[in-house]
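Chains R and P, in that order, are what the protein sequence lines are.
Heads up, the first sequence is in UniProt numbering, so the first residue is 1 and it goes up one at a time.
Heads up, the second sequence is in UniProt numbering, so the first residue is 1 and it goes up one at a time.
Each hint should be verified, as a subset may be incorrect.
Since the list gives no way to pick one copy over another, a pair counts as held whenever it fits inside one copy or between any two copies.
[Claimed, not checked] Cross-link-like lysine-lysine pairs, in silico, DSSO-like; alpha carbons within 27 angstroms at most:
#1 Lys-79 <-> Lys-43
#2 Lys-151 <-> Lys-106
#3 Lys-151 <-> Lys-79
#4 Lys-60 <-> Lys-23
#5 Lys-116 <-> Lys-106
#6 Lys-116 <-> Lys-79
#7 Lys-116 <-> Lys-22
#8 Lys-138 <-> Lys-79
#9 Lys-43 <-> Lys-151
#10 Lys-22 <-> Lys-79
#11 Lys-138 <-> Lys-22
#12 Lys-79 <-> Lys-23
#13 Lys-43 <-> Lys-116
#14 Lys-43 <-> Lys-138
#15 Lys-138 <-> Lys-151
Please keep in mind that the hints were generated in silico from the structure rather than gathered at the bench.
There are 2 protein chains.
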Amino acid sequence: MPAQRISSMDEEGLRLAFEEAKKSYSEGGIPIGSVLLRPNASKPNGIEVLGSGHNERIQKSSATLHGEISALEDAGRLKPEVYRNSTIYTTLSPCSMCTGAILLYKIPRVVIGENKNFLGGEDLLRDRGVEVIVIGDKDCQELMARFIEEKPEEWNEDIGGE
Amino acid sequence: MPAQRISSMDEEGLRLAFEEAKKSYSEGGIPIGSVLLRPNASKPNGIEVLGSGHNERIQKSSATLHGEISALEDAGRLKPEVYRNSTIYTTLSPCSMCTGAILLYKIPRVVIGENKNFLGGEDLLRDRGVEVIVIGDKDCQELMARFIEEKPEEWNEDIGGE
Numbered sequence: 001m002p003a004q005r006i007s008s009m010d011e012e013g014l015r016l017a018f019e020e021a022k023k024s025y026s027e028g029g030i031p032i033g034s035v036l037l038r039p040n041a042s043k044p045n046g047i048e049v050l051g052s053g054h055n056e057r058i059q060k061s062s063a064t065l066h067g068e069i070s071a072l073e074d075a076g077r078l079k080p081e082v083y084r085n086s087t088i089y090t091t092l093s094p095c096s097m098c099t100g101a102i103l104l105y106k107i108p109r110v111v112i113g114e115n116k117n118f119l120g121g122e123d124l125l126r127d128r129g130v131e132v133i134v135i136g137d138k139d140c141q142e143l144m145a146r147f148i149e150e151k152p153e154e155w156n157e158d159i160g161g162e
Numbered sequence: 001m002p003a004q005r006i007s008s009m010d011e012e013g014l015r016l017a018f019e020e021a022k023k024s025y026s027e028g029g030i031p032i033g034s035v036l037l038r039p040n041a042s043k044p045n046g047i048e049v050l051g052s053g054h055n056e057r058i059q060k061s062s063a064t065l066h067g068e069i070s071a072l073e074d075a076g077r078l079k080p081e082v083y084r085n086s087t088i089y090t091t092l093s094p095c096s097m098c099t100g101a102i103l104l105y106k107i108p109r110v111v112i113g114e115n116k117n118f119l120g121g122e123d124l125l126r127d128r129g130v131e132v133i134v135i136g137d138k139d140c141q142e143l144m145a146r147f148i149e150e151k152p153e154e155w156n157e158d159i160g161g162e
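With the hints as extra help, turn the sequences into a complete structure.
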């Protein structure tokens with residue numbers, strides 16, 4: 001675990017993403033949460049929350065509102081340069097679609113809660129110069145594992161099947 | 001142009017996608033449209049429209065509702081096997097995010113109106129075994145070029161900047 005690269009913003013980002021995941025779980029949804037943050041000296045703790053959200057497959061019958069897409073959608077229309085100074089936090093390794101969204105907006109840094117339950121496009125992100133940090137967070141891991149055990153079919157649908 | 005691989009479903013798919021693009025343009029939006037189709041003998045002309053949509057950046061202040069994402073969102077929750085027998089049509093070469101969505105759902109075939117105004121993730125799609133057909137459609141090309149000339153800043157924002 002590359003502890004030296006984890007800032008207080010990263011701790012806060014993962015905490016907020018996990019709050020979103022728990023919220024989704026409490027709604028009966030897939031417990032994956034995400035936030036988009038950037039440093040901003042005029043904000044409390046120097047952190048600006050640009051957007052936040054969670055997987056909405058079950059809640060909104062959505063095929064595209066994964067955690068990261070929800071956070072980007074919540075952030076709304078941003079100028080390209082805003083993304084370049086941001087970090088996206090997600091409780092679970094990003095799927096192909098969310099990986100592609102990160103590449104589209106040239107978000108330079110991705111902090112991932114865990115990648116044991118699902119391994120997404122981390123290699124592609126690294127290949128394209130994105131900094132990828134995997135925390136290996138036990139809480140993220142346990143919540144996701146619990147959901148997969150409880151609702152394997154919904155989970156399978158969310159990742160487009162085996 | 002690989003004319004032999006273009007079916008009547010393909011002609012209809014591109015026509016419907018272009019209708020979506022024109023609708024978006026008439027609303028002041030980015031003129032990119034998309035539809036998800038599959039063969040279905042019980043439907044008129046043997047074609048089932050699973051979903052359709054267009055870019056909604058301007059209309060809905062959306063950062064994620066590109067044409068293809070809109071079509072997939074419109075299709076709603078589908079079982080993994082439904083995508084495996086479908087084709088997605090888009091008036092413009094798919095960006096990283098839409099490329100990733102196609103890979104997520106393992107859509108085996110992508111028909112693209114044109115890729116002169118923007119070249120997206122076609123190589124990645126081919127690398128992953130997706131059949132990619134570029135029509136080189138003049139109407140798609142002209143409408144998109146007109147929009148880029150009229151609203152270059154909005155277009156730049158939609159593709160995350162240069």
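Here is what the structure says about each hint:
no., hint, result
1, Lys-79 <-> Lys-43, "within (19 angstroms within a copy, 43 angstroms between copies)"
2, Lys-151 <-> Lys-106, "between (34 angstroms within a copy, 21 angstroms between copies)"
3, Lys-151 <-> Lys-79, "between (38 angstroms within a copy, 14 angstroms between copies)"
4, Lys-60 <-> Lys-23, "both (14 angstroms within a copy, 25 angstroms between copies)"
5, Lys-116 <-> Lys-106, "both (25 angstroms within a copy, 22 angstroms between copies)"
6, Lys-116 <-> Lys-79, "between (34 angstroms within a copy, 24 angstroms between copies)"
7, Lys-116 <-> Lys-22, "within (18 angstroms within a copy, 44 angstroms between copies)"
8, Lys-138 <-> Lys-79, "neither (35 angstroms within a copy, 30 angstroms between copies)"
9, Lys-43 <-> Lys-151, "neither (39 angstroms within a copy, 33 angstroms between copies)"
10, Lys-22 <-> Lys-79, "between (30 angstroms within a copy, 25 angstroms between copies)"
11, Lys-138 <-> Lys-22, "within (14 angstroms within a copy, 49 angstroms between copies)"
12, Lys-79 <-> Lys-23, "between (29 angstroms within a copy, 25 angstroms between copies)"
13, Lys-43 <-> Lys-116, "neither (34 angstroms within a copy, 43 angstroms between copies)"
14, Lys-43 <-> Lys-138, "neither (29 angstroms within a copy, 49 angstroms between copies)"
15, Lys-138 <-> Lys-151, "within (20 angstroms within a copy, 47 angstroms between copies)"
The structure fails hints 8, 9, 13 and 14 (numbered hints given earlier, in ascending order).
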